[in-house]
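Novice: Chain by chain, the residues:
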Amino acid sequence: AQSVAQPEDQVNVAEGNPLTVKCTYSVSGNPYLFWYVQYPNRGLQFLLKYITGDNLVKGSYGFEAEFNKSQTSFHLKKPSALVSDSALYFCAVREVHGSSNTGKLIFGQGTTLQVKP
Amino acid sequence: EAGVAQSPRYKIIEKRQSVAFWCNPISGHATLYWYQQILGQGPKLLIQFQNNGVVDDSQLPKDRFSAERLKGVDSTLKIQPAKLEDSAVYLCASSLAGQGGPPLHFGNGTRLTVT
Numbered sequence: 001a002q003s004v005a006q007p008e009d010q011v012n013v014a015e016g017n018p019l020t021v022k023c024t025y026s027v028s029g030n031p032y033l034f035w036y037v038q039y040p041n042r043g044l045q046f047l048l049k050y051i052t053g054d055n056l057v058k059g060s061y062g063f064e065a066e067f068n069k070s071q072t073s074f075h076l077k078k079p080s081a082l083v084s085d086s087a088l089y090f091c092a093v094r095e096v097h098g099s100s101n102t103g104k105l106i107f108g109q110g111t112t113l114q115v116k117p
Numbered sequence: 118e119a120g121v122a123q124s125p126r127y128k129i130i131e132k133r134q135s136v137a138f139w140c141n142p143i144s145g146h147a148t149l150y151w152y153q154q155i156l157g158q159g160p161k162l163l164i165q166f167q168n169n170g171v172v173d174d175s176q177l178p179k180d181r182f183s184a185e186r187l188k189g190v191d192s193t194l195k196i197q198p199a200k201l202e203d204s205a206v207y208l209c210a211s212s213l214a215g216q217g218g219p220p221l222h223f224g225n226g227t228r229l230t231v232t
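First to last, the protein sequences are chains B and A. Each residue of the first sequence is one higher than the one before, counting from 1 in this note's numbering. Each residue of the second sequence is one higher than the one before, counting from 118 in this note's numbering.
Okay, chain B solo, but in the shape it has when bound:
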């Protein structure tokens, strides 16, 4: 069965410093990988995804993520953190079944990012 792990409940960084939010996954086939962000009392917002191709994918708000197949990881990164980046971040994986998109999207437990001025 597919699964996602976010090993850190919280990540603290100073504004202007680089940030990394970690994610590892487990699937039996090829993964589709996603990052979402959630602000208080709001739904999740899509940040970026990896489907195939270049291992470094770029997304919204200056975020990027690196797919590493050998380490089964998909860490979220940003070169310079902003206070407004403070939020709850979720990694998610969908196991690909043929040519359909009907594979279940499984979310990690979430990591709270706190960026301090």
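No wet-lab data here; the hints were simulated from the structure. Take these hints with a grain of salt, some might be off.
As the list claims (entries may be wrong) - Under the rule of at most 30 Å between Cα atoms (straight-line distance), these lysine-lysine pairs were calculated in the DSSO-like manner:
#1 B:49 with A:128
#2 B:22 with A:161
#3 B:22 with B:116
#4 A:188 with B:104
#5 A:128 with B:104
#6 A:132 with A:200
#7 B:69 with A:200
#8 A:161 with B:77
#9 A:161 with A:195
#10 A:128 with A:200
Following the hints, put chain A in place on chain B, whose structure we already have.
Specialist: Leaving out everything else, chain A in the frame of chain B:
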């Protein structure tokens, strides 16, 4: 484009009562999802529709939860009777049909408190 609409935003009920949530997806999105997000946890898929057919309901507690998507557009999720452990945020999401990658667009959720 208009986002995913959910109502109500908040609901407080007593255990053993019933409750219903409504979702209107983004126009043209064939796939609709209901997720349950318990405080401190990631969203858990309850049910996934493709148009008006159920694709996955393996984690839906069918003895008390039901969902329908009439005419392949709006959807309702019902709980009857509610238990204390059903307290959570219920998120509706929709996506285009397509191979694996279309991102999900989420509504703001309904926060359910069961007392």
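Novice: Does the alpha-carbon distance linking residue 69 of chain B and residue 200 of chain A stay inside the 30 Å limit?
Specialist: Measuring from Cα to Cα gives roughly 42 Å; hence the hint is violated.
Novice: Hinted pair, alpha-carbon criterion (30 Å max): residue 161 of chain A, residue 195 of chain A. Please report holds or violated.
Specialist: 16 Å, holds
Novice: Is residue 128 of chain A close enough to residue 104 of chain B, meaning Cα to Cα at most 30 Å?
Specialist: 28 Å, holds
Novice: Is residue 132 of chain A within 30 Å of residue 200 of chain A, Cα to Cα?
Specialist: 5 Å, holds
Novice: Given the hinted pair residue 188 of chain A and residue 104 of chain B, is their Cα-Cα distance within 30 Å?
Specialist: Cα-Cα ~23 Å, so holds.
Novice: Between the alpha carbons of residue 22 of chain B and residue 116 of chain B, is the straight-line distance 30 Å or under?
Specialist: 19 Å, holds
Novice: When you check the alpha-carbon spacing of residue 49 of chain B and residue 128 of chain A, does it fall within 30 Å?
Specialist: 33 Å, violated
Novice: With the threshold set at 30 Å, check whether the alpha-carbon distance from residue 128 of chain A to residue 200 of chain A stays at or below it.
Specialist: 14 Å, holds
Novice: Quickly compare the C-alpha distance for residue 161 of chain A and residue 77 of chain B to 30 Å and report which way the hint goes.
Specialist: Since the Cα atoms of residue 161 of chain A and residue 77 of chain B sit roughly 25 Å apart, the hinted pair holds (cutoff 30 Å).
Novice: Hinted pair, alpha-carbon criterion (30 Å max): residue 22 of chain B, residue 161 of chain A. Please report holds or violated.
Specialist: 20 Å, holds
In summary, the structure is inconsistent with hints 1, 7 from the numbered list given earlier, while agreeing with the others.
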